[in-house]
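Asker: Residues per chain, in single letters:
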Amino acid sequence: MPKKAPFMRGLILALAVLAAAPAAALAGPIFPETDGSPNADGIRTLYLLIFILAWIVFLGVAGALVWALVKYRARKGAVAAQIHGNTRLEIGWTVGAFLILIFITAFTFITLPEIKNPSASDIDENGNPVASAAVYASTDQPDPPEGSASLNIRVNGQQYVWRYRYPGEERLLTYTDMVVPVGMTVTLDVTADDVVHSWWIPKLGGKMDAVPGYTNKTWFKIPEDAIPEGEDRVVYDGQCAELCGRNHANMYARVIGMRFDDYQAWYEQTVRDVETAREEAAQTREDIEGTTGEQPATGEQP
Amino acid sequence: MATTQRPETTERTELPIARRPRPHIIAHAVERERTGFTSWFTTTDHKKIGILYLYTVLVFFVLGGVEALLMRIQLGAPDNTFVSPETYNQLFTMHGTTMIFLVIVPVWAGFANYLLPLMIGARDVAFPRLNAWSYWMFLFGGLALYGSFFFSPPEAGWFSYVPLSAKEYTPSNGQEAWIYMVHLTGLASIIGAINFIATIHNMRAPGMGWGRMPLFVWTILIYAYLIILALTSLAATVTMLLLDRNFGTEFFDPSEGGSALLWQHLFWFFGHPEVYILVLPAFGVFSEILPVFARKPIFGYKAIAAATAGIAFLGMLVWAHHMFATPMSTVVLAFFMLSSFLIAVPTGVKIFNWVATLWRGTIEWRVPLLFCVGGIATFLMGGITGIFLAVFPVDWQLHDTYFVVAHFHYTAFGASAFAMVAALYYWFPKMTGRLMSENVGKVSFVLFFVGFHLTFLIQHSAGLDGMPRRIYEYAEEDWTIMNLISTIGAFMLALSVLLTVINVVRSLKRGAIAGPDPWKGNTLEWFTPSPPPENNFDLVPRVRSVEPMKDIRRQIERQTGVPQRFEAGKPMVRA
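Going down the list, the protein sequences come from chains A and B. 3 is the number of the first residue of the first sequence in our numbering; add one for each residue after it. 761 is the number of the first residue of the second sequence in our numbering; add one for each residue after it.
So here's chain A without its partners, still in its complex pose (with noise of 0.2 Å):
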């Protein structure tokens, strides 16, 4: 029918507008939030399939419904059709349900690499700038690519903090604020001490549950021009996703990107400020037992 012609013209042209508007502007209340990794981005792209095909059916069966109730309204003198099925029909709704769900199932398991797997750093373990690697698949989440720098975090929940251990010799925790080089693979461990908690930080990418007696993987990378002009951070937000008692609510998680050779810095600085803030302990403890000249009475093994 001619008739319909504009509004089919219009729909394809508000699909386009749609698909083409600067996702970020719309990130939030139409499209989950991104650009700050790679798989946040995968989870984009699979979204914006889905709500393109979602947007095609709703409007095809909606319009049905109404353009049915309206047009068929009862009027004075109207006989309704006495029809009991159509076996073709049923057939051919079964299929065409069918076919949607497949190509969303081959769509699904194509960008699935992008999302599930880490990709390469964009700088080495010393912070220098590497070419990119190709992105490396596999059925459950693998290392990073070999010989790709990457950095892993094993980040525990507990009521109500995040709590995160680094790699190496000094193993530093922090709580809370998470502090990343930017352009680094960070792989995360999640575990849980008490009960279920889950993990994330809605820029980066999906969440992960913190069960005890588990360890979940997630990863996330930070793209490297992620922090503003004339600033040496960029901060994502995030708080538990998974109900773990009467102050879920507040519990926060933030990761803090930072330029490799400021986050050096920062790890030095972290680690010996806690150093001495041990040293200072084991100072005034050992001042106290001085002055008294044994164990409090009460006091356990220090």
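Worth flagging that the hints you see were computed from the coordinates, not collected in a lab. Quick caveat: nothing in here was measured; it's all calculated off a predicted structure. Mixed in with the good hints there might be a few duds.
[Unchecked claim] Sample of chain B residues facing chain A (criterion: CB under 10 Å; computed from the structure):
{"#": "1", "residue": "884"}
{"#": "2", "residue": "886"}
{"#": "3", "residue": "887"}
{"#": "4", "residue": "888"}
{"#": "5", "residue": "896"}
{"#": "6", "residue": "897"}
{"#": "7", "residue": "921"}
{"#": "8", "residue": "1054"}
{"#": "9", "residue": "1098"}
{"#": "10", "residue": "1106"}
{"#": "11", "residue": "1108"}
{"#": "12", "residue": "1133"}
{"#": "13", "residue": "1158"}
{"#": "14", "residue": "1226"}
{"#": "15", "residue": "1233"}
{"#": "16", "residue": "1320"}
All C-beta atoms in this analysis are idealised placements derived from N, C-alpha and C, irrespective of residue type, glycine included.
The hints should help you fit chain B onto chain A, whose structure is shown.
Answerer: Relative to chain A, chain B alone:
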């Protein structure tokens, strides 16, 4: 009155279904129908039990709704201190538990109790005393849960994930109250399901083969089978939790060789079939009401019945899509994504058939029809957002956010609550002999539809913007306006429910007299007077099609010459 058994009885199975004698209730003495206050406590009449269910459900629905409103007030403003975190957790636990175990599952038990024997031409359910026992178990289950309000209500969520629900992290005995509630209402549902199955298999009117059974009865049959499969499993699961909490069994304690994930698997093995326990009877309601008001036969009867069974079967195989963010291998993730996709096919088939039922009909815009169409449109959106969530990488972003809250309200509320109200308006005249007010009904519908979408549409955005579920407060500025809109919508919804309740109360006394068949329905319940007498049918008509009442009206027309059919565009009944 004793009915004489025909001699064929002995070779029952050899007879074609149309001629098979049915088991009859044999009366040994005729008693006056019991009335008065005490009759409600002693009754075994399926209709009275059905009404008891519906009134009880109404009370729990209001309680669950008030809990929702309190949560919406708390979230209406950032950093609100209206309720404490402890109270907030108790509210969402009670809201979810109430709506699922004490409202939607029993509301279908209530409608099925009332309608099932009438629809299949039986005089009662197979086991009337067991039926009464089911109701009282359900009531006591509800009271056990709400009794905890005077001490310490449960606060670990309706899903009660371990270790949070373990004694170490939730020491309050509200958790035990929750477990007892699951046991009592679960038992009620299982016994009720056995009763429905026995009734449907054995007590259908002469001539009512499987292919002539009303679609609502089909969905209740499948609902009953799902209850037996799912709620028995849940009973075992919560027993394990009870033992863990009180007798040191450590099924779920990882430090003692137990597994925290075991609970999640067991719970969702119940939890997802439960979703279909909630919505399949709603689909049955849509399938009954649409053809009556479109004045057309249901489109694709067999496809809809088959889709019901298909959904139930696939519904048993999708549970782990609630757990996509837990540690699982890609193979498992892929399996549960594909099985969840498959379920969209029979669900889609149903929706297409409903649209085709309306197509080229003469549609009467009456309140029951409006609620059905509103429900289908809403459920359609919930089904589509379900596809987003079934794709596990996308679910990693959306899981446990307000996107999911929106999704399951679009499905559970969209199908079940809309269908619940549609069923109320549609069958109220049968139950009471009086019609509900159309005008109040239409206002209520508009408020219901607009209020619902105002509340939940925006929650998709809140979820995409990173707002997790079950948080009692937030500081993010972006979420303020979204939550405020949601809160306003919730109050609109509450106003609509209030209007419908007022409508019920008013119509009980002042509604227009309905007569036996105000809508010119298709199924056998409209053959009886409104309300039906205690024995339902003095004579059970022989069934020759899916629409026995249409056949009967046609026959009367032939014999008397008085037109019985409905004429399009003329008022159906004086309302």
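Asker: Does each hint fit the structure? Answer for all of them.
Answerer: Taking the hints in turn, this is what the structure says about them:
1. Annotation: residue 884/B was flagged as interfacial toward chain A, and the flag is violated, the nearest CB pair being 32 Å apart, outside 10 Å.
2. Restraint check, residue 886/B versus chain A: the minimum CB separation of about 31 Å is more than 10 Å; hint violated.
3. Taken as an interface hint, residue 887/B does not check out: its beta carbon lies about 36 Å from the nearest beta carbon of chain A, beyond 10 Å.
4. Given hint, residue 888/B at the interface with chain A, is violated; its Cβ is 36 Å from that chain's nearest Cβ, farther than 10 Å.
5. For residue 896/B, the suggested interface contact is broken, since its CB lies about 33 Å from the closest CB of chain A, more than 10 Å.
6. The closest approach between the C-beta of residue 897/B and any C-beta of chain A is roughly 29 Å, which is over the 10 Å cut-off, so the hint fails.
7. For the restraint placing residue 921/B at the interface with chain A, the shortest Cβ-Cβ distance is roughly 6 Å, inside the 10 Å limit, so the hint holds.
8. Taken as an interface hint, residue 1054/B checks out: its beta carbon lies about 6 Å from the nearest beta carbon of chain A, inside 10 Å.
9. The restraint placing residue 1098/B at the interface with chain A holds, with a minimum CB-CB distance near 7 Å, inside the 10 Å limit.
10. Among the interface hints, the one on residue 1106/B holds; its C-beta lies about 8 Å from the nearest C-beta in chain A, closer than the 10 Å criterion.
11. With its C-beta approaching chain A no nearer than about 4 Å, residue 1108/B sits inside the 10 Å limit, and its interface hint holds.
12. Given the 10 Å rule on beta carbons, the hint for residue 1133/B holds: about 6 Å separates it from the nearest Cβ of chain A.
13. Taking 10 Å as the C-beta cut-off, the interface hint given for residue 1158/B holds, the closest approach to chain A being about 7 Å.
14. Interface restraint check for residue 1226/B: the shortest CB-CB distance to chain A comes to about 4 Å, inside 10 Å, so the restraint holds.
15. Because the closest C-beta pair between residue 1233/B and chain A is about 5 Å apart, less than 10 Å, the hint holds.
16. Nearest Cβ of chain A to the Cβ of residue 1320/B: about 22 Å, over the 10 Å cut. The hint is violated.
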